[in-house]
Amino acid sequence: MPDASFLKRQGRIAVPGWVDTVKTGTAKELPPQNVDWFYVRAAAVARHIYMRKNVGIGRLRKVHGSPKNRGSRPSRHVDASGSVDRKVCQSLEKIGVLELDEEKGGRRITQSGQRDLDRIAMSTLEAEQEEDDE
Numbered sequence: 362m363p364d365a366s367f368l369k370r371q372g373r374i375a376v377p378g379w380v381d382t383v384k385t386g387t388a389k390e391l392p393p394q395n396v397d398w399f400y401v402r403a404a405a406v407a408r409h410i411y412m413r414k415n416v417g418i419g420r421l422r423k424v425h426g427s428p429k430n431r432g433s434r435p436s437r438h439v440d441a442s443g444s445v446d447r448k449v450c451q452s453l454e455k456i457g458v459l460e461l462d463e464e465k466g467g468r469r470i471t472q473s474g475q476r477d478l479d480r481i482a483m484s485t486l487e488a489e490q491e492e493d494d495e
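The opening residue of the sequence shown carries number 362 in the working numbering; numbering runs sequentially from there.
The hints are simulated quantities; they were obtained by calculation from the structure and are not laboratory data. Even for Gly, the Cβ is constructed at its ideal location relative to N, Cα and C. Heads up, some of the hints might be wrong.
Said to hold, decoys possible - Calculated pairs, BS3-like style, for lysine-lysine (alpha carbon to alpha carbon, straight line, at most 27 Å):
(1) Lys448 x Lys389
(2) Lys465 x Lys455
(3) Lys429 x Lys448
(4) Lys429 x Lys369
(5) Lys448 x Lys384
(6) Lys448 x Lys465
(7) Lys384 x Lys369
(8) Lys384 x Lys423
(9) Lys448 x Lys414
(10) Lys429 x Lys465
(11) Lys369 x Lys389
(12) Lys465 x Lys369
(13) Lys429 x Lys389
(14) Lys369 x Lys448
(15) Lys414 x Lys465
(16) Lys455 x Lys414
(17) Lys369 x Lys414
Stated by the list, open to error - Cβ pair distances, simulated, as ranges:
(18) Ser444 x Asp494: 40 to 46 Å
(19) Arg370 x Glu460: 22 to 28 Å
(20) Arg413 x Glu487: 23 to 29 Å
(21) Met412 x Ala375: 22 to 28 Å
Kindly generate the complete structure, drawing on both the sequences and the hints.
Written out as C-alpha cells, the structure reads:
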C-alpha cells in the first residue's frame, strides 16, 4: 500500500497550510506531533478505499475517530474531523488516485490509481519476503 514516505517523495499531494495547527477531531486535545501526519492520513485513506469498493467521508470519519475522555464519565467514541478527511480525499483526487462515484456516492479508486496501488503493494510484499528470507 502507499506509505506516507512514498507520497511525500512523490511530491504531488498539496498539503494545506493549516496542517500544523489543526486537531484531527474533537476528541483530541492537541494537534498531531508528527510533521508528516497529512501524508500518513492520505496513505491510510488510500489503503482503506483500496481494500473496499467505495467509501464516503462519513465512513472515514468513523474509522479515524477516537474515544473522547469525558473525565469521570465513561469514554465514548467521537468521529474524526470531516474537513481533514475531505481535504485528504480532494488531494488524492487531484493526483488521480480517487474519483467521485456519482451513482453510489462516496469515493472510489480510479483505474490508474488501482494500477499504482497494485504496483506499490507488490513492491512492499517483495520487500517483506526478502526480509523474511534473511
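Against the structure, the hints:
Straight-line distance between C-alpha atoms of Lys448 and Lys389 comes to about 19 Å, which keeps the hinted pair within the 27 Å bound. With a C-alpha separation of about 20 Å, the suggested pair Lys465 and Lys455 falls inside the 27 Å cut-off, and the hint holds. Note on Lys429 and Lys448: the hinted pairing holds, with a Cα-Cα distance of about 23 Å set against a maximum of 27 Å. The hinted pair formed by Lys429 and Lys369 fails the criterion: a straight-line CA distance of about 30 Å is larger than 27 Å.
Distance restraint check for Lys448 and Lys384: the Cα-Cα separation of roughly 14 Å lies within the 27 Å cut-off, and the hinted pair is therefore satisfied. A threshold of 27 Å between alpha carbons decides the hint, and for Lys448 with Lys465 the separation of about 20 Å falls inside it, so the pair holds. The hinted pair formed by Lys384 and Lys369 meets the criterion: a straight-line CA distance of about 21 Å does not exceed 27 Å. The straight-line distance between the Cα atoms of Lys384 and Lys423 is roughly 16 Å, inside the 27 Å bound, and the hint therefore holds.
The hinted pair formed by Lys448 and Lys414 meets the criterion: a straight-line CA distance of about 20 Å does not exceed 27 Å. At most 27 Å may separate the alpha-carbon atoms for a hinted pair to count; Lys429 and Lys465 exceed this at roughly 32 Å. Distance check on the hinted pair: Lys369 and Lys389 sit about 25 Å apart at the alpha-carbon level, within 27 Å; holds. Distance check on the hinted pair: Lys465 and Lys369 sit about 31 Å apart at the alpha-carbon level, beyond 27 Å; violated.
A hinted pair counts as satisfied when its Cα atoms are at most 27 Å apart, and Lys429 with Lys389 qualifies at roughly 7 Å. A distance of roughly 16 Å separates the Cα atoms of Lys369 and Lys448; the hinted pair therefore holds under the 27 Å criterion. For a cut-off of 27 Å, the pair hint linking Lys414 to Lys465 stands: about 10 Å separates their Cα positions. Only pairs whose Cα atoms come within 27 Å are accepted, and Lys455 paired with Lys414 is accepted, the gap being roughly 19 Å.
Under the criterion of a C-alpha separation no larger than 27 Å, the hint pairing Lys369 with Lys414 is consistent with the structure, at around 25 Å. Checked against the hint of 40 to 46 Å, the C-beta distance between Ser444 and Asp494 comes to roughly 44 Å, which is consistent with it. Roughly 23 Å separates the CB atoms of Arg370 and Glu460, a value that falls within the hinted 22 to 28 Å. For the hinted restraint 23 to 29 Å between Arg413 and Glu487, the CB-CB distance of approximately 24 Å keeps it satisfied.
Separation of Met412 from Ala375 is about 25 Å and conforms to the stated range, judged on CB atoms against 22 to 28 Å.
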